[in-house]
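Colleague: Sequence:
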Amino acid sequence: MTPPDRTLLGAVAVELADVRAGVDGLSTLLSGLVRGLPVDDRAEALTGAQALDALTQRLDALSDVLQALAAGKPADEAVRGVSLADVAARLGGDVPATPADAAGDLMLFD
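Taking this note's numbering, I'd label the letters of the sequence shown as residues 1267 to 1376.
Because the hints were derived from the structure by calculation, they are not lab data.
Among these hints, one or two may not hold up.
[Unchecked claim] Distance windows between CB atoms, simulated:
1) A1320 - D1342: 23 to 33 angstroms
2) A1317 - S1349: 30 to 40 angstroms
3) M1267 - G1359: 14 to 24 angstroms
4) G1291 - K1339: 25 to 35 angstroms
5) G1338 - V1305: 25 to 35 angstroms
6) G1288 - A1309: 38 to 48 angstroms
7) R1346 - D1307: 37 to 47 angstroms
8) A1337 - L1296: 26 to 36 angstroms
9) A1341 - L1321: 18 to 28 angstroms
10) R1346 - A1277: 20 to 30 angstroms
The C-beta atom is built at its ideal place from N, Cα and C for all residues, glycine as well.
Hey, can you work out the whole structure from these sequences and the hints?
Modeller: Encoded structure:
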């Protein structure tokens, strides 16, 4: 990979991290709105909030992979560092999900 390619990967990783920060702001806003809802409406809104939190974790994983590639790491090593088993499997194609990964890799409202 050429230095300009690595520079581009690093820049895209930074952009993803910035997008993640924006999504964090939306998550904070959503949390406040959920607290203000009537109790009967909170379950559905909480599901949406959890989905938003999962998106932020996926953005983190993608940014980390791009940063690793930009640093010159091989693709398989960059993908191995992804803690979300489903994302790692999709990115690597042959990265098996271990039971530990599948059982608890999603952190809600970190």
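Colleague: Check each numbered hint against the structure and report the violated ones by number, ascending.
Modeller: 2, 5 and 6
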